[in-house]
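Trainee: Respectively, the protein sequence lines represent chains H and A.
Just so you know, the numbering used here puts 159 at position 159 of the first sequence, and the rest follows in order with no gaps.
Quick note, the numbering used here runs 1000 ahead of the 1-based positions in the second sequence.
One or more hints might be untrue.
Stated by the list, open to error - Derived BS3-like pairs: lysine-lysine, alpha-carbon spacing no greater than 30 Å straight-line: (1) A:LYS1171 - A:LYS1155; (2) A:LYS1155 - A:LYS1283; (3) A:LYS1320 - H:LYS252; (4) A:LYS1032 - H:LYS466; (5) H:LYS205 - A:LYS1171; (6) A:LYS1171 - H:LYS236; (7) A:LYS1034 - H:LYS252; (8) H:LYS205 - A:LYS1155; (9) H:LYS252 - A:LYS1032; (10) H:LYS466 - A:LYS1034; (11) H:LYS236 - A:LYS1320; (12) A:LYS1046 - H:LYS523.
Quick caveat, the hints were computed from the structure, so don't treat them as lab data.
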Amino acid sequence: MLNRQGRPTSAQAHGTADPAAGMGDEAARLQEHRMGRGERGGAHRSTFTGNRALHQEEPLIFEIGRLECTGVDLDEPEPFTPRLGGLERQGTIGLPGLTEPEVLRHYVRLSQKNFGIDTGPFPLGSCTMKHNARLNERMARLPGFADIHPLQPLSTVQGALELMSELARQLCTLTGMPAVALSPKAGAHGEMLGLMAIRAAIEAKGEGASRRIVLVPDSAHGTNPATAALLGFTVKPVPARDDGWVHVDDFKPLLGPDVAAIMLTNPNTCGLFEPQVVEIADAIHAAGGYFYCDGANFNAIVGKVRPGDLGVDAMHINLHKTFSTPHGGGGPGAGPVVLSERLAPFAPVPFVRPLSRGAGEVESARQRRPGEGSAADSPLTPALSRKRERGNAYELVEHAADADDALPLGRITAFHGQMGMYVRALAYMLSHGADGMRQASEDAVLNANYVRACLADLMSLPFGNKPCMHEVLFDDAWLKDTGVTTLDVAKAMIDEGYHPMTMYFPLVVHGAMLIEPTESESKASLDLFIATMRDLAMSARRGDTERFLGAPYHAPRRRLDETRAARQPVLKWTPPTPLPPQEPQG
Amino acid sequence: MRYLPLSDADRREMLARIGVDRIDDLFAAVPKDKLLSSPPDLPRRKGELEVERILSRMAARNVAASSVPFFCGAGAYKHHVPASVDHLIQRSEFLTSYTPYQPEIAQGTLQYLFEFQTQVANLTAMEVANASMYDGSTGTAEAVLMAHRVTRRRKAVLSGGLHPHYAEVVKTVSRMAGDEVAALPPDVPAAEDLLSAIDETVSCVVVQTPDVFGNLRDLAPIAEKAHRHGALLIAVFTEAVSLGLVRPPGEMGADIAVGEGQSIGNALSFGGPYVGLFATRQKFIRQMPGRLCGETVDADGRRGYVLTLSAREQHIRRDKATSNICTNSGLCCLAFTIHMTLLGEAGLKRLARINHANAVTLAQMLSGVPGVEVLNETFFNEFTVRLKRPAAEVVERLAERGVLAGVPVSRLLPGAGLDDLLLVASTEVNTAEDRAAFVTHLTEVLR
Ligand SMILES: Cc1ncc(COP(=O)(O)O)c(C=O)c1O
Chain H
1 MLNRQGRPTS AQAHGTADPA AGMGDEAARL QEHRMGRGER GGAHRSTFTG NRALHQEEPL
61 IFEIGRLECT GVDLDEPEPF TPRLGGLERQ GTIGLPGLTE PEVLRHYVRL SQKNFGIDTG
121 PFPLGSCTMK HNARLNERMA RLPGFADIHP LQPLSTVQGA LELMSELARQ LCTLTGMPAV
181 ALSPKAGAHG EMLGLMAIRA AIEAKGEGAS RRIVLVPDSA HGTNPATAAL LGFTVKPVPA
241 RDDGWVHVDD FKPLLGPDVA AIMLTNPNTC GLFEPQVVEI ADAIHAAGGY FYCDGANFNA
301 IVGKVRPGDL GVDAMHINLH KTFSTPHGGG GPGAGPVVLS ERLAPFAPVP FVRPLSRGAG
361 EVESARQRRP GEGSAADSPL TPALSRKRER GNAYELVEHA ADADDALPLG RITAFHGQMG
421 MYVRALAYML SHGADGMRQA SEDAVLNANY VRACLADLMS LPFGNKPCMH EVLFDDAWLK
481 DTGVTTLDVA KAMIDEGYHP MTMYFPLVVH GAMLIEPTES ESKASLDLFI ATMRDLAMSA
541 RRGDTERFLG APYHAPRRRL DETRAARQPV LKWTPPTPLP PQEPQG
Chain A
1001 MRYLPLSDAD RREMLARIGV DRIDDLFAAV PKDKLLSSPP DLPRRKGELE VERILSRMAA
1061 RNVAASSVPF FCGAGAYKHH VPASVDHLIQ RSEFLTSYTP YQPEIAQGTL QYLFEFQTQV
1121 ANLTAMEVAN ASMYDGSTGT AEAVLMAHRV TRRRKAVLSG GLHPHYAEVV KTVSRMAGDE
1181 VAALPPDVPA AEDLLSAIDE TVSCVVVQTP DVFGNLRDLA PIAEKAHRHG ALLIAVFTEA
1241 VSLGLVRPPG EMGADIAVGE GQSIGNALSF GGPYVGLFAT RQKFIRQMPG RLCGETVDAD
1301 GRRGYVLTLS AREQHIRRDK ATSNICTNSG LCCLAFTIHM TLLGEAGLKR LARINHANAV
1361 TLAQMLSGVP GVEVLNETFF NEFTVRLKRP AAEVVERLAE RGVLAGVPVS RLLPGAGLDD
1421 LLLVASTEVN TAEDRAAFVT HLTEVLR
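Please work from the sequences and hints to get the whole structure.
Mentor: In C-alpha cells:
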C-alpha cells in the first residue's frame, strides 16, 4: 500500500506487494536488505560516518580549519613603517581558515539542514513567509545600489535618493499617511521610533512628564511592551475579550491625562481585523493620546484598507514581511514607520527631500562647470559628468539644523537605513503594481480562510468560526485528553515536510497555533497541507501518540534539549581539554 | 501575476468552500466606508524586464565605489568580498528561512550563528558574543542601556572620538529613556581628558578605537579608572578589519565590545543592512541584549544548537526584557562568518597589514601635497587631513574629476568649526594608480 507521496505506509504492507516474493531465500534476504527492510526503521541504521546520504554531519569550522590556512590569495605588502603607536595585536586570535572548496562544502552542507520558503510551505503566523523573488536579489546587487558609500557626495547618489523617495511615496500612498521615516532597521526598531515620535509630540505640548502610560493589549507581540518599557513608559494591559477583539468600552475607562498612546496591532495577532478600530482611534485622540499601530500584519490589507483612514498616528511596516525582503534566517529586515500629520514634524534624520526644480538647476549649473585643467583628461570624467548632468533632484537632510520647520527627534541609526531592503521592496512593489498588491492581500486572506474552513471541524477556533484575515488562529482545545500538545503537533508537521505554524503566540489563547499560508501557496499545496493536518488530527484522536511525542523522527536532529542549553550555556567553541592519558585496554 | 499561484477558478472554488460569495465578505469586520473599492493610485503590475529597466536606470545615476579611485570610510568600508560569499548567502535555505524557532530544521542557521559568535568573541578577545545587533550604532546604544542595567547607574560618558552618528543614536535613545549623557567635544588629536570625566555616578565610558578621526587609542588606563569607580568600559570599533592588527578591546579591559561588522563580508549598500557585533564578559550574559545561540544535544544524544537564554528577550519577558530587538542581521552574520572563514587568521592579519600599508603610503603621499596636512600620529586604514580649503568643496571638485576622496568632517559635524578636515580611508582595493590620481587631482584642485 502506498501513501499519497507514493511511499510504503507500513512494514506489513510490504509483504503483499513484495517484489522479492518468489525469489530464493538468500536472494530475498539480500533484496530485503537493499530495500532497507532488513531491520525495522532502516532509516535509523547507523553509518560509519554518521552521515545519512544527503544529511551530512558537519563539524564546526574550528574543528576542521587551520590557523595558517586561507582561502583568499593576498600578497604581503612591501615593507613599510607601521603607524600603530605600539598598539599592535600580539599572539593568536583563534580564527582558523579554510580553502574555498572546503568553505563551499561546509556551508552548503549547513544549508541542507535548513528549511526555507523554497523548501516547502512555511505557514509561520505573524511572519508572512511569502515568496522571495530573485529579481529583487539581482536588483539589490546592482553596483549602483550595493556598491555606494553612505557618505559619498550626494551628487553621486541621486539614483539612490530617488529610489528612497519613490519607496516613501508608495508606502505613503498604500497607507494613506502623509509621511514616512525610512531608517528603522526592523519592526521593533520602528516601534521604538514611533513611540519616540509620540514622546516628542507630547513633550512639545508640555505633557512629557504627565503622560507616561502606554496601553498594550495582552495579545500584542512581545516587542510592543518591551519597546514601551525601554523608553521609560509604564505598560498597562488592555484586557482581552473572548471574541478576540479589543472593545472600545473596555478601553475607554483606561484613558486619561496620563496615557501617552495605545499600541494596537491591526489586523490583530489573533488574525482578526479590529472592527472598532476607528472608535478606538477617536477615543485615544479625544483623550489627548496617540495611536501606534503595529503593522506586522499589513499583508492582509494592502490595497484594501488604508491605516491612515483608521486614525493611525504611527505604524511600522516590516518590509521583510509584507514586501517580501528575505528573512535571511533572522534578518536583516527594515521597519519604515508611516506618520500622521501630527507626528510627521518629529520624524528622525536623515530623510530625503526632493529639491524644487529651480534649486536643482542652480545646483547643476554650479556643478556643470566645464572640465578644468586635467579633469578633462580623466577617463572617468565623461561617465561621471553624464551621471551628474541632470543636477541634484534630491537632497538628504542629515542634521536637525537643516530641517527647516520640522523638529526631528534626532537620529536612530548610523547612516540612512536599510538601502538593500529598500531596493528589494520597491522591486516587489513595481512588479506587483497597485492591482497585484491588492490581489496578493486578497489571496492571502482567501488562503487563510480556506484553511480555516477546511479544518474548523477537526481543530478548535477560539473565537468561533468567523472570517479571519491573512492568518487563522487555532487553540489546543481539540487536543484535550489526547496527551498531545501544540509543540508535539508542530514537531510532527516537521516530519511531514512542513515548517510548523507559529506556536504559543499570541498568549491570549491556550496552546496557540497561528497559521499564515500567505498568497504564495497554490490551491494544490493548501489541499495537501489541509489533508496532512486532518491526518494529524485524526492520529491524535486515535491515540497514535508515538507519531507526535517522539517527533521529529526525520529531521536532521531530533528534539533538542533546551533546558540543558540554558542551564550550562555553551555560547562559543573552546578547544577541547586533552583527555588524561589512558591505560591501554584489552 | 507571476508570483500568485491561484487562478480565478481556484478563487471561486475556495470562496464556495468557505461559504461566502465575494472576497469582500471576508473583510466584513472592516468598517464599510473604510474598505477601498479599487486599487490605490499607483502604477499597474510590471514584468521582470520592465522592473529591471526602471531600477537599473536609477542605479546608473549613482557612482559605484569600484568604478573610481575610492577613499571614503567613516564607519563604512569598501573591501573586496570573495565571490563565494555572495553565492553561499543566496542559498535558498539560508536566504529564505526565518529566525530559527524550530531548531530541528534550522541547524544550518544555528550552527553558523554559533560559529559567528565564536569568531566575534575571539576577534574582540571577549568571553561571549551574541548573534548580532542591527548595526554598530544601535549596538552601541544597546551597550549603554546594558551598562545602566549592570551598574544601576544612568549616566554615560561619550568620548569625542566616537563616530558622531553613534553618539547621536546614543543621545536620542538616552534622552527618550530619561538617561544622562556627557558627551565630550570632537577630539581630533585624541588628546581629551576622559579620565577626569569618570566618577561614582558614571555607568559607562564609551570610547572608539580606531576613533572616527583614525587615531588608535590605548583603552587600558580608561578601563582601569572606570573599574575603580564601578563603571564599565564600552569599546567601540567601526572597522572590524583593524582587529587583525590592532590590540583588541578584550586585551585592554573592555567590559563590552561593540562595533560594525560590515567590512567583513558585507557590501557598502549605502549604509545598510549592516551587522552589529556585540561581545561582553561571561558574568554579564543575563543582561545582554539580542539572541544567543548555544550548544546542546538532541534526543539521540547528538550535538546540536538552539537559541538560548531567551528569558532575557521580549517574547518571554515582554516589558522586563533586556532589549526589544527581534529580527536582527542574520544573513549579514552569515556573510561575515563565511568571509572570515575564507580569510582565516592568516588571511585576516595579512589583509589588515595591506590596509595599514596602503594607508601609510597614502598618508605619506598626501603630506607632500601643498595645502595638505596629515594630522594623525597613529592610525590603521583611515586618517584625518587638514586642507587649506573647505573639505566638502574639495570633495565635490574631486568627484567631478572622478575621484571619491573621502568624507568631509563637516558632513558628520556641521558647524563644529572643522570644515577644513577630511577623513581619508584606504583599503586593499586601492591601487597605486588610485593613489596617484588622488594626489594629482588634489594638487590641482588646491592650487
Ligand atoms: C506582531 C509583531 N509585531 C512586531 C514584530 C517585530 O518585528 P521585527 O522582528 O521586524 O522587529 C513582529 C515580528 O516578529 C510581529 O509579529
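Trainee: Kindly indicate which numbered hints from before are broken by the structure, ordering the numbers from low to high.
Mentor: Those not satisfied: there are none.
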